[in-house]
Amino acid sequence: MQLARVVGTVVSTTKDPRLRGRALLVLQPMDPTRQPLGSELVAVDSVGAGVGEEVFFVRGREAALPFRPEVVPTDAAVTGICDHWQSESPQPVAPSSRAARRPRRARKR
Amino acid sequence: MILAHVVGTVVATRKDERLVGSKLLLVQPVSPGGEPRGGPIVAVDTVDAGAAETVLVVSGSSARMADGLTDRPVDAAIVGIVDTVDMLPAVD
Amino acid sequence: MRLARVIGSVVATRKNRSLDGAKLLLAQPIDADGQPVGGTQLAVDAVGAGVGETVLLVLEGRAAGSALGRRGAPVDAALVGIVDPGEPIA
Chain U
1 MQLARVVGTV VSTTKDPRLR GRALLVLQPM DPTRQPLGSE LVAVDSVGAG
51 VGEEVFFVRG REAALPFRPE VVPTDAAVTG ICDHWQSESP QPVAPSSRAA
101 RRPRRARKR
Chain Z
1 MILAHVVGTV VATRKDERLV GSKLLLVQPV SPGGEPRGGP IVAVDTVDAG
51 AAETVLVVSG SSARMADGLT DRPVDAAIVG IVDTVDMLPA VD
Chain F
1 MRLARVIGSV VATRKNRSLD GAKLLLAQPI DADGQPVGGT QLAVDAVGAG
51 VGETVLLVLE GRAAGSALGR RGAPVDAALV GIVDPGEPIA
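Residue numbers (the working numbering), protein chains in the order written: chain U, 1 to 109; chain Z, 1 to 92; chain F, 1 to 90.
For the record, the hints were derived by calculation from the structure and aren't laboratory data.
The structure presented is a predicted model; accordingly, all values stated were derived computationally and were not measured.
The beta-carbon is built from N, C-alpha and C at its ideal position, and this holds for glycine as well.
Some hints here could point you the wrong way.
Unchecked claim - Among the chain F residues that face chain U by a calculated CB cut under 8 Å, a handful are: (1) L3; (2) I7; (3) Q41; (4) D76.
As the list claims (entries may be wrong) - Some chain Z residues well away from chain U (every beta-carbon gap over 10 Å; in silico): (5) V7; (6) A12; (7) T13; (8) L24; (9) I41.
What the hints assert, rightly or not - Partial selection, computed: residues in chain F whose CB lies under 8 Å from chain U: (10) R14; (11) L19; (12) G61; (13) G69; (14) G72.
All chains should be modelled from the sequences, with the hints used to inform the complete structure.
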């Protein structure tokens, strides 16, 4: 899954019947600092997202799963609207320093 | 899914028998603003698209979910013809 | 599977129902030297990973769904392991 901003919508009258009534959103994938990441793509909305919102989306065959039992022919689907996120900048970490800076703590399983 | 322009048709007499009867179109992926993106791809048309139209192309194993393409050896299918694309003013 | 570093977390109230309760983490794929490779992924956490940790990231839907324990969940990325601190990864 990746973060993205909804930057547009697509209107299509002639389309696969199972895409009818579904919102088609143009997404610009982005990194956690909101820098664009790669090309825009079109995704089917499953959560009621709108233009300007920050969302996450799923790619591949699993993009059809939100619409089950209907079989929707899509390879990208918006599956959530982000309230907020927290992120440190994705700086490289030297292997030697990695162990030292990682705190030990309890884990589930 | 990606947006693409239909730039041609592909005729193949010898092909996988499960592709017999499928219409193959050559499509050029484009940005929402219509700029070419990468190389052209061959996609199976399921919505009767025509030359110069802008279409929606679904890729990968998801392409087999398109109408009539179950179990066919395809990795790209045209599933819609685009009427309009509305974008945020700041983008494209 | 890829090596990745957990760099953050995402909170989303409105999301697909089958993602309810799932912890969503931002994971930056890295090479064996810890250098970022490719774009940041948003993954469901199946192992209790935290920010700063080096993890094993699967980028495949069926594997991610089973890691989450929900076979029909619309996910394509999951954290399935935490690389032990101090262990060489190259």
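Handout entry: Numbers of the earlier hints that this structure fails to satisfy, in rising order
Key = 1 and 13
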